[in-house]
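**Q** Go by the hints and put chain B onto chain A.
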Amino acid sequence: MKKLCLVFLLIFSGSVFAISEYRKFDNLDQQKVYENLISELRCLVCQNQTIGDSNAELAADLRRQVYEMIEQGKSKQDIVQFMIDRYGDFVLYNPQFKAKTGLLWLGPVLFLLIGLTTVFLFVQRKKTAARQNSLAEQGDDNKEKAEKLAKVRNLLEKGDLS
Amino acid sequence: MLKFLFPLVLFIVLAIFLALGLNLHPNEIPSPLVDKVAPVFSAPKLQTPEQKLTPADLKGKVWLFNVWASWCVSCRSEHPILNQMAKTKTAVIVGLNYKDEPEDAKNWLSQLGNPYDVSIMDQDGRIGIDYGVYGVPETFVIDKQGVIRYKHTGPVTAEDVQKVFLPWIAKLQAEN
Chain A
225 MKKLCLVFLL IFSGSVFAIS EYRKFDNLDQ QKVYENLISE LRCLVCQNQT IGDSNAELAA
285 DLRRQVYEMI EQGKSKQDIV QFMIDRYGDF VLYNPQFKAK TGLLWLGPVL FLLIGLTTVF
345 LFVQRKKTAA RQNSLAEQGD DNKEKAEKLA KVRNLLEKGD LS
Chain B
8 MLKFLFPLVL FIVLAIFLAL GLNLHPNEIP SPLVDKVAPV FSAPKLQTPE QKLTPADLKG
68 KVWLFNVWAS WCVSCRSEHP ILNQMAKTKT AVIVGLNYKD EPEDAKNWLS QLGNPYDVSI
128 MDQDGRIGID YGVYGVPETF VIDKQGVIRY KHTGPVTAED VQKVFLPWIA KLQAEN
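First to last, the protein sequences are chains A and B. Sequential numbering of the first sequence, starting at 225, is according to the numbering used here. Sequential numbering of the second sequence, starting at 8, is according to the numbering used here.
Okay, chain A solo, but in the shape it has when bound (with noise of 0.2 Å):
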């Protein structure tokens, strides 16, 4: 079992499936900016990818761009500006926010403000419907109290006719 165990481990572990090439870095920051870059950079011919999980041949051809951009010193700014003059916003898995994007920034809050004041007014409803019921429930007891009420005088002053 525990033979079985690590087999399937090792078939499942993520470097089976790591597809990225060695890369050299002269320093660490280096290094974080292109696996922080790959992972934010769209692939798109498969569109649901990064480069860095994709192993379309244009999502190669983008890690190698972004590593040589890294290598000539390219700031990340940079890099992500030259995708986007050539790929457009969709190209980032998360879009700058400007006019274009807004709606796909906002949108989110939007849905959840009217989802708030739905779920606000529908409680409110219900609190007003609740309580008109108890104002007439309470009514229809005063209501009943005196009608027995006046039974018993009835009875009281004229005796039992019956």
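If you are wondering where the hints come from, they were derived from the structure by calculation, not from laboratory data. Check each hint, because a few of them may be wrong.
[Unchecked claim] Derived DMTMM-like pairs (lysine to aspartate or glutamate); straight-line CA-CA distance at most 20 Å:
#1 Lys298/A <-> Asp137/B
#2 Lys43/B <-> Asp313/A
#3 Lys300/A <-> Asp137/B
#4 Lys248/A <-> Asp309/A
#5 Lys298/A <-> Asp250/A
#6 Lys43/B <-> Asp309/A
[Unchecked claim] Restraint ranges, calculated between C-beta atoms of paired labels, are given here:
#7 Ala26/B <-> Tyr317/A: 26 to 32 Å
#8 Val47/B <-> Lys298/A: 57 to 63 Å
#9 Ala177/B <-> Asp313/A: 40 to 46 Å
#10 Glu110/B <-> Tyr246/A: 48 to 54 Å
#11 Ile338/A <-> Asn114/B: 57 to 63 Å
#12 Gln130/B <-> Ser299/A: 26 to 32 Å
#13 Leu29/B <-> Thr341/A: 29 to 35 Å
#14 Asp167/B <-> Val347/A: 51 to 57 Å
#15 Gln273/A <-> Gly120/B: 34 to 40 Å
#16 Ser299/A <-> Gly120/B: 45 to 51 Å
#17 Val47/B <-> Thr341/A: 50 to 56 Å
#18 Tyr317/A <-> Ser117/B: 41 to 47 Å
#19 Glu259/A <-> Pro87/B: 44 to 50 Å
#20 Val47/B <-> Tyr246/A: 31 to 37 Å
Ideal placement from N, C-alpha and C gives every residue a C-beta, glycine not left out.
**A** Chain B alone, transformed into the frame defined by chain A:
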């Protein structure tokens, strides 16, 4: 009344969104390169690698820049359309032979016909990156000043030629 109205409105809104969704083409990413100057390159010609071509050589001409490769299946379907278009000589057709082996590319052209006035080689895909190429075939329409005016992703169909490319070319030919 409101009880019935609300689901109805919800249904209509949902139906509209779904209908719009059906007509979206998520594979077609709008290119930021439209209305920008075509990126500069200097690349060897496929048939005569010792000669190079740059966009400046095409100044004053309306040209189509068609990205193709012998390994690309849908390029095969658009190839006859390009051949037909080349016969009319309405615009210069430049091919970008993208990430291909020159021998394979030459064989492909000799078998299927060569619609290109000239093809250039981009074996390592760098020109492709500069043009934001993400799926072959792609076709750019470039004006006399060397500005990209239109980009088409995917195989060009006969309908595209009639409805999109020829009108664009006619418009750009009329410009200075």
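**Q** Are the hints correct? Go through all of them and say.
**A** Consistency of the hints with the structure:
The straight-line distance between the Cα atoms of Lys298/A and Asp137/B is roughly 17 Å, inside the 20 Å bound, and the hint therefore holds. The straight-line distance between the Cα atoms of Lys43/B and Asp313/A is roughly 16 Å, inside the 20 Å bound, and the hint therefore holds. Only pairs whose Cα atoms come within 20 Å are accepted, and Lys300/A paired with Asp137/B is accepted, the gap being roughly 18 Å. Of the supplied pair hints, the one linking Lys248/A and Asp309/A is violated, its CA atoms being roughly 27 Å apart against a limit of 20 Å.
The suggested pairing of Lys298/A with Asp250/A holds, with an alpha-carbon distance near 13 Å, which does not exceed 20 Å. A distance of roughly 10 Å separates the Cα atoms of Lys43/B and Asp309/A; the hinted pair therefore holds under the 20 Å criterion. Between Ala26/B and Tyr317/A the CB atoms are about 28 Å apart, so this pair conforms to the stated range of 26 to 32 Å. For the hinted restraint 57 to 63 Å between Val47/B and Lys298/A, the CB-CB distance of approximately 19 Å leaves it violated.
In this structure the hint that Ala177/B and Asp313/A lie 40 to 46 Å apart at CB is violated, the actual value being about 32 Å. Between Glu110/B and Tyr246/A the Cβ separation comes to about 30 Å, which falls outside the hinted range of 48 to 54 Å. A hinted range of 57 to 63 Å for the beta carbons of Ile338/A and Asn114/B is consistent with their spacing of about 60 Å. For Gln130/B and Ser299/A, the Cβ-Cβ distance of about 29 Å falls inside the hinted range of 26 to 32 Å, so the restraint holds.
A beta carbon spacing of about 30 Å between Leu29/B and Thr341/A agrees with the range 29 to 35 Å that was offered as a hint. Asp167/B and Val347/A have their C-beta atoms about 55 Å apart, which keeps the hinted 51 to 57 Å range intact. Range check, Gln273/A to Gly120/B: Cβ separation about 37 Å, and the 34 to 40 Å hint holds. One distance hint, 45 to 51 Å for the beta-carbon pair Ser299/A and Gly120/B, holds here, with the actual separation near 47 Å.
Separation of Val47/B from Thr341/A is about 54 Å and conforms to the stated range, judged on CB atoms against 50 to 56 Å. Here the CB-CB span from Tyr317/A to Ser117/B is close to 43 Å, well matched to the stated 41 to 47 Å. Against the hinted window of 44 to 50 Å, the Cβ-Cβ separation of Glu259/A and Pro87/B comes to about 46 Å, which satisfies the hint. Between Val47/B and Tyr246/A the beta carbon distance is about 32 Å. The supplied range of 31 to 37 Å therefore holds.
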